[in-house]
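Listed here are the chains, written in short residue letters.
Protein chains: 2
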Amino acid sequence: MQALPKRVEVVEMGPRDGFQMEHRWIPTEVKIEVVNALARTGLPIIQVTSFVHPKAVPQLRDAEQVMAGIERLPGVIYEALVPNMRGAERAIAARADKVNLMLSVTDSHSLANANRTTDQALRELEPVVRLCQDRGVPATGGMATALGCPFEGFPPAERLIWVVERYVGLGLGEIGVADTAGMANPVLVHDRLSRLRDRFPDVHFSLHLHDTRRMATANVLAALQVGIDRFDGAVGGLGGCPYAPGATGNITTEDMVHMLHEMGIETGVDLDALIAIARRLPEIVGHPVESCLVRAGKSRDVIGRRKQGQDKVGAA
Amino acid sequence: MQALPKRVEVVEMGPRDGFQMEHRWIPTEVKIEVVNALARTGLPIIQVTSFVHPKAVPQLRDAEQVMAGIERLPGVIYEALVPNMRGAERAIAARADKVNLMLSVTDSHSLANANRTTDQALRELEPVVRLCQDRGVPATGGMATALGCPFEGFPPAERLIWVVERYVGLGLGEIGVADTAGMANPVLVHDRLSRLRDRFPDVHFSLHLHDTRRMATANVLAALQVGIDRFDGAVGGLGGCPYAPGATGNITTEDMVHMLHEMGIETGVDLDALIAIARRLPEIVGHPVESCLVRAGKSRDVIGRRKQGQDKVGAA
Chain V
6 MQALPKRVEV VEMGPRDGFQ MEHRWIPTEV KIEVVNALAR TGLPIIQVTS FVHPKAVPQL
66 RDAEQVMAGI ERLPGVIYEA LVPNMRGAER AIAARADKVN LMLSVTDSHS LANANRTTDQ
126 ALRELEPVVR LCQDRGVPAT GGMATALGCP FEGFPPAERL IWVVERYVGL GLGEIGVADT
186 AGMANPVLVH DRLSRLRDRF PDVHFSLHLH DTRRMATANV LAALQVGIDR FDGAVGGLGG
246 CPYAPGATGN ITTEDMVHML HEMGIETGVD LDALIAIARR LPEIVGHPVE SCLVRAGKSR
306 DVIGRRKQGQ DKVGAA
Chain B
6 MQALPKRVEV VEMGPRDGFQ MEHRWIPTEV KIEVVNALAR TGLPIIQVTS FVHPKAVPQL
66 RDAEQVMAGI ERLPGVIYEA LVPNMRGAER AIAARADKVN LMLSVTDSHS LANANRTTDQ
126 ALRELEPVVR LCQDRGVPAT GGMATALGCP FEGFPPAERL IWVVERYVGL GLGEIGVADT
186 AGMANPVLVH DRLSRLRDRF PDVHFSLHLH DTRRMATANV LAALQVGIDR FDGAVGGLGG
246 CPYAPGATGN ITTEDMVHML HEMGIETGVD LDALIAIARR LPEIVGHPVE SCLVRAGKSR
306 DVIGRRKQGQ DKVGAA
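Taken in sequence, the protein lines are chains V and B.
Take 6 as the starting number for the first sequence in my numbering and just add one per residue.
Take 6 as the starting number for the second sequence in my numbering and just add one per residue.
Simulated from the structure, these hints should not be mistaken for laboratory data.
The beta-carbon is built from N, C-alpha and C at its ideal position, and this holds for glycine as well.
Incorrect hints may have been included.
Stated by the list, open to error - These stretches of chain V come out as covered by chain B in the derived footprint (C-beta under 8 Å, 3 or more residues):
1) 264–271
2) 274–282
Unchecked claim - Pair by pair, the computed Cβ-Cβ distance ranges are:
3) Arg204/B - Leu78/V: 48 to 54 Å
4) Pro63/B - Arg305/V: 29 to 35 Å
5) Arg12/B - Ala73/V: 57 to 63 Å
6) Pro59/V - Gly269/B: 44 to 50 Å
7) Met90/V - Ala162/B: 54 to 60 Å
8) Leu78/V - Gly269/B: 23 to 29 Å
9) Gln7/B - Arg305/V: 27 to 33 Å
10) Arg305/V - Ala61/B: 27 to 33 Å
11) His28/B - Arg305/V: 36 to 42 Å
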């Protein structure tokens with residue numbers, strides 16, 4: 006197999022991209038406890054919350070209180086999603102270590118989601134990036150629908166290059182490529198990411214996957230083969246909407262970390278501690294979560310533990 | 006990305022590896038109907054049943070009746086699992102187009118599962134293979150636990166080579182490598198399959214995966230990169246035991262076929278027809294099944310269909 010990165014950074018999105026989809030209110034102190042537990046597993050970056058308007062995402066209306074209440078472990082980056090100038094001001098005031106800006110690569114999704122075209126969104130991000138730069142807060146640029154848009158299909162590589170060029174022009178050096186709707190396949194991921202890497206060798210790209218159609222771990226492998234070394238995930242595969250069949254969450258962090266470890270790739274994450282958090286999630290969110298590791302345990306944990314004789318004749 | 010096979014053969018295991026795990030009796034005529042529907046999707050090989058002792062797998066005690074009742078579409082191979090001489094005689098009498106022999110690569114699993122070592126199992130298969138050869142019925146050799154054994158861990162490549170040499174010595178040219186317990190990762194799959202392919206260039210290897218730890222589609226990608234062009238799957242991800250949390254089924258055929266098609270790899274399978282069968286399964290087996298495609302639809306189906314405004318601000 007082609008050379009793979011020896012180490013990968015896993016960005017935990019559960020408290021933001023996961024919790025924002027939950028209809029049942031998660032008390033602020035529970036959110037704080039989950040973020041603290043996640044930080045103690047060794048995850049290097051945690052997206053803690055989103056500074057959106059409280060009416061847009063009521064679940065995250067306690068963004069300031071969560072940011073104020075969490076421990077700040079040295080070495081852990083506590084990141085926040087920021088949709089606009091007002092959000093950036095709030096995130097910086099709340100001492101976010103990093104802000105994650107976001108736009109949709111396709112106009113139709115951008116219009117449906119944020120009532121502006123991609124070009125308008127990029128222009129409106131200009132003063133936001135300047136503010137972050139003035140205040141010394143690093144920013145990453147997100148590219149929703151980059152690997153599949155439910156309205157337009159698969160954006161051509163030129164469209165992604167155009168957005169990255171604009172982001173780079175604003176001074177951003179870290180860019181997240183997202184398969185927002187879980188539509189991407191490994192050939193597409195390999196193609197788009199290798200083109201972006203070749204065109205922008207100085208940009209640090211990360212990959213944001215949803216496992217809607219069971220291609221997410223295959224897409225991780227394809228991206229690793231391009232040299233991508235930063236991946237978003239959500240503990241328990243949070244992020245699907247329990248009331249919307251068809252919607253599916255982020256790639257499950259513990260399942261991804263397990264695969265990376267089994268492949269000999271370091272993450273610095275204490276997988277057992279992460280699984281312990283995933284195990285508590287159903288009680289917190291009020292519905293089952295999508296976690297193979299909770300259900301089956303690590304590959305290496307089952308060895309020797311299985312009871313004799315429980316397999317059926319001919320089972321393969 | 007490395008060159009991938011242009012066409013892949015998908016072997017449907019649902020009626021055997023899936024149904025054998027179901028506790029609730031599935032009426033013979035329903036089994037026949039499912040096999041017939043699967044054959045009409047264009048699946049080239051269907052493992053219809055297993056000729057084991059009725060007491061070992063009561064669900065498949067109607068093996069003869071199912072084989073006698075199914076349509077025989079031209080071009081479709083109706084295969085049966087056969088554990089021993091008696092099973093081979095029954096399968097041949099029932100006009101199986103092909104028989105699938107099986108053993109465990111690790112002694113401890115072989116002893117637990119079949120009460121004999123791997124070497125003993127190989128010796129006992131010798132007259133079985135001879136019978137098939139005499140009767141002109143092609144046989145494939147299965148290698149359970151080849152990519153992970155719950156007792157012994159990951160068998161070394163030398164052990165796999167030893168088993169394949171013995172199978173080849175018996176005259177078999179088609180061999181199925183199985184990740185019986187869903188423990189394998191893409192690096193292991195790539196390593197073991199590339200060694201086997203290099204050592205046995207004339208053997209046609211197939212891959213049998215269980216998605217226990219969400220590595221199955223990544224393992225498909227790793228195997229495609231080695232040139233593997235035949236994969237087992239089960240419609241609806243059947244094969245997990247609904248009463249044993251932790252047990253998980255075969256890789257879901259429709260999810261795998263969807264990924265292959267999205268990657269530009271042909272299978273000859275009518276995916277919509279396959280999804281329609283998966284959609285009926287919960288009623289047949291009496292519990293939900295594991296099918297992303299049933300839940301979310303094909304990537305290309307959602308394009309343009311999504312209602313405007315249903316995304317949340319900042320969702321990525």
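Quiz prompt | Those earlier numbered hints the structure runs against, lowest number first | solution = Hints 2, 8, 11 contradicted; others consistent.
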